[in-house]
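Colleague: Spelled out from the first residue to the last, the chains are:
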Amino acid sequence: MRFVLSLWLLASALLLGTAASFAAPPQRVVSLGGPLTEIVYALGGGAQLVAVDQSSIYPAAAARLPKVGYYRQFSLEGVVAMKPDLVLASDQAGPPEAIEQLRRLGLRVVVLPAKADLESLQRRIYGVAGALQLNQDGKVLVSRLQRELAAVPKLAGQPRALVLISRTGQPEGAGKDTAADATLRLAGYRNVLAQQQGYKPLSAEAIAALKPEVIITSSMSLQSLGGLDKLLALPGLAHTSAAKQRKVLVLDDLLLLGFGPRLPEAIRALRQPALPAATAVSAP
Amino acid sequence: MSQSLRAPLPLVPGPVGIAWLWPVLLAVLLLLLLLSAASGAVEIPLAELPRVVLGHSTAAEAELWRSIVLEVRLPRLLFAALAGAVLALAGAVMQALFRNPLAEPGLVGISSGASLGAVCAIVLGGGSFALLASSAFVGSLLATAAAYHLGRRHPGMAGLLLAGIAINAVCGSLIGLFTYLADDNQLRSLTFWNMGSLAGASWPRLLVLLPLLLLLSALVLRYWRALNALLLGEREALHLGFPFKSIRRQLILLTALLIGPLVAATGGIGFVGLVVPHVVRMLLGADHRRLLPAAMLGGAIALVLADWLARTVVQPAELPIGIVTSLVGGPFFLWLLLSRRR
Numbered sequence: 001m002r003f004v005l006s007l008w009l010l011a012s013a014l015l016l017g018t019a020a021s022f023a024a025p026p027q028r029v030v031s032l033g034g035p036l037t038e039i040v041y042a043l044g045g046g047a048q049l050v051a052v053d054q055s056s057i058y059p060a061a062a063a064r065l066p067k068v069g070y071y072r073q074f075s076l077e078g079v080v081a082m083k084p085d086l087v088l089a090s091d092q093a094g095p096p097e098a099i100e101q102l103r104r105l106g107l108r109v110v111v112l113p114a115k116a117d118l119e120s121l122q123r124r125i126y127g128v129a130g131a132l133q134l135n136q137d138g139k140v141l142v143s144r145l146q147r148e149l150a151a152v153p154k155l156a157g158q159p160r161a162l163v164l165i166s167r168t169g170q171p172e173g174a175g176k177d178t179a180a181d182a183t184l185r186l187a188g189y190r191n192v193l194a195q196q197q198g199y200k201p202l203s204a205e206a207i208a209a210l211k212p213e214v215i216i217t218s219s220m221s222l223q224s225l226g227g228l229d230k231l232l233a234l235p236g237l238a239h240t241s242a243a244k245q246r247k248v249l250v251l252d253d254l255l256l257l258g259f260g261p262r263l264p265e266a267i268r269a270l271r272q273p274a275l276p277a278a279t280a281v282s283a284p
Numbered sequence: 001m002s003q004s005l006r007a008p009l010p011l012v013p014g015p016v017g018i019a020w021l022w023p024v025l026l027a028v029l030l031l032l033l034l035l036s037a038a039s040g041a042v043e044i045p046l047a048e049l050p051r052v053v054l055g056h057s058t059a060a061e062a063e064l065w066r067s068i069v070l071e072v073r074l075p076r077l078l079f080a081a082l083a084g085a086v087l088a089l090a091g092a093v094m095q096a097l098f099r100n101p102l103a104e105p106g107l108v109g110i111s112s113g114a115s116l117g118a119v120c121a122i123v124l125g126g127g128s129f130a131l132l133a134s135s136a137f138v139g140s141l142l143a144t145a146a147a148y149h150l151g152r153r154h155p156g157m158a159g160l161l162l163a164g165i166a167i168n169a170v171c172g173s174l175i176g177l178f179t180y181l182a183d184d185n186q187l188r189s190l191t192f193w194n195m196g197s198l199a200g201a202s203w204p205r206l207l208v209l210l211p212l213l214l215l216l217s218a219l220v221l222r223y224w225r226a227l228n229a230l231l232l233g234e235r236e237a238l239h240l241g242f243p244f245k246s247i248r249r250q251l252i253l254l255t256a257l258l259i260g261p262l263v264a265a266t267g268g269i270g271f272v273g274l275v276v277p278h279v280v281r282m283l284l285g286a287d288h289r290r291l292l293p294a295a296m297l298g299g300a301i302a303l304v305l306a307d308w309l310a311r312t313v314v315q316p317a318e319l320p321i322g323i324v325t326s327l328v329g330g331p332f333f334l335w336l337l338l339s340r341r342r
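Line by line, the protein sequences give chains A and B.
In terms of our numbering, the first sequence opens at residue 1 and continues consecutively.
In terms of our numbering, the second sequence opens at residue 1 and continues consecutively.
Okay, chain B solo, but in the shape it has when bound:
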């Protein structure tokens, strides 16, 4: 198995022509957003939706519906789409950097560093969002820096990978320690934080995160050439004129900047970053010029769909979204491992 996992990803076009994939992905995303905006614990007829949003509806509850759609559902949907896109993009970049289709930000310790920061904020500080976000971000940066510097002592990706495993272990045990120290109330906050949630989505938060994360994503997208060159191998990339080491450093930093605030805002949402880029690569091939934006669209679709399920399956209550993504992503991951065995 390890042989096939270490094999470089082929830079050949996938079975799907790019020309019609874009409109299809976009249409699916828009359709899902529309469906999702119309369904939830408060039932709003789909046909009535445009009139409700524009304020022309004559239904008795039009006022309530309007505020539900505009104040509750819309920020949450956009947040789900943004989070999915960013998670999938980060996953795609990590998979290219490690030349391993099973990589994701969790692998080098970015996610667990962010989690440690957030848990620290919940247990030691009051757990306000500003504190949570900044300490998650600091946690992800520290973990990534540690992974990078430790990994540099051993050439190649194996060093970075081993360092990531060690950092994950240390972060995991520190999270356990803080969990032990937490009082009853903090403990329950921690449990729910770990399961992930988009319930904290609101316009003010979205207005901070949306421009920041889109800007960072745009920066990451510009590295597609370097990522394509990397698929050939580190030495080959260097010969092609890509300063491999500094590119790797920049990309890891950008990923930490992307993941830190996101993990702080959503908690643990697993498997989107792993599964979505993989599926998109199977369809499109590994050309990052297409892969990266398509993965963003795919991630947005996956998380909007997961959030829709989370909100509607057990209504009027809702499931934590991390549970939905892991419940679907986990079996998929197993299938991935088994089918690669051959």
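Bound-form chain A, shown alone:
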């Protein structure tokens, strides 16, 4: 009896599996989350996207698609109105009830991890590739990523780095559990704010005490702080060796904070010698 049952289960699993693989690849895809959108484009599936969320600003083609709101508070009806046959959602997309309702309306929703580490990035890429039925391209992208990461020249020692982010003109430092911290550590730096959780405002005294050797910032932050000279003149920062030697690395925001398929590019940019003027690395 048990044998028959397991045989039946096996048969139905096989049947379901083949049915899924014979189904046509999705043609109308909505992506909820900037990193997922970037992966879709990296896999060459950009033409299937019909709408994205507001955080999808890279590549430029994504910014031209209709927006269904910010992925944490997306418009349920806005997504449905796009008549998608696949919804790719970050596990931070929400509200959770809206994701549930999408499923109840019969839409196919694939939820992928948003965490900023290599394992989650690979799972994101495999997940998107699987959902788009581009499994082979997914494998190619992941192995290219691994190859490129291994090929980036190693960094001598473990320089003490401070990541400075600013949106409002006030400098904030990136602590642990942030995409910037994960990218930083992969590049071989020591984060001087490793004890701090998330992004917090920096005090002048704290910056001086942290003694950073390199300062890493994003191009939008630099703009918000009023340029390189203003940044180097920040109280507390001016007396650090990083500021005195003008060791500042400026990366494109999504490159530094995105933790996506362009990770090797970000690592490469972070590992170039930051001497003596600022090196601006922008997205292609």
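Since the hints were derived computationally from the structure, they do not count as laboratory data.
Check each hint, because a few of them may be wrong.
Only part of the chain B face toward chain A is listed, based on derived beta-carbon distances under 8 angstroms [unchecked claim]:
(1) N185
(2) F192
(3) S197
(4) A199
(5) E234
(6) Q315
(7) E318
We treat Cβ as the ideally placed atom computed from N, Cα and C, and that holds for glycine.
Got chain A; can you put chain B on it based on the hints?
Modeller: What follows is chain B alone, placed relative to chain A:
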């Protein structure tokens, strides 16, 4: 200005006869519900709506339309109407209790207590709805109890008011502290929660909240006589045979019970509780037998309208509803203050 604000509200009938106001309010609400049910990011022709709902539509997308209307829009519309009605009712009760047309549950700390509970749940717990709702409710009850006990040491409403201000300050700073402790993801949840949203509306949630809140509202409505007596003054109400202190305690408790779960479900939706009862009082006068139910209808109309705007103005995205209500309510509040100055 303070003189005119402290003046008791007149118990004289307003310029509008009650007889035709009811059907008008009801008709407006029904019309709005109908219009709102037919519009949104997914376009459904108004003429087709009844057939879609009944399942007789022959349109190609009838199946999708039906599930959109029944599963997405209807629970949300009813939730908007319920939330608006409850917020306006709570506002009307607070305005009568404080004998001040500018009062609302935010004043005694009920709302900020609920917010503190919800923020606590988002940052310390996972932020699931059950946890959020219960801690918001506990927060509102604790804040109200604190306000009441602190306020009792000073006679009259001034004590309660001052206690409410202090509680608001403490809750505000604790919310700030939790915001500081929050990680990146929680921070973004907090931001959106503060702006208010009806996107979480669903049938299961509505089936819990609707009976609960309607029952509590019905209990509150029964206090209309006491609230009318209170307009004359606390001492006068006592002489008229209303045990003022226990009535005040019961009403504050009922308001906390009304606001706690609602704030947990919707986040911060401002100004409906303040503006709607005021407008209704200008039209109807301060007789609470009429004022309270009319305020509920008016609140429902206001929030259904705000939600309709929130859903359609920037489609296919949507605006947070708290932004819409504050954007309209804020200027109105200013006008209220200026015109009362004389």
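Colleague: Run every hint past the structure and note whether it holds.
Modeller: Structure-based check of each hint:
no.: 1; hint: N185; in the structure: holds (6 angstroms)
no.: 2; hint: F192; in the structure: holds (5 angstroms)
no.: 3; hint: S197; in the structure: holds (6 angstroms)
no.: 4; hint: A199; in the structure: holds (6 angstroms)
no.: 5; hint: E234; in the structure: violated (44 angstroms)
no.: 6; hint: Q315; in the structure: holds (6 angstroms)
no.: 7; hint: E318; in the structure: holds (4 angstroms)
In the structure shown, a violation is registered for the earlier hint numbered 5 alone.
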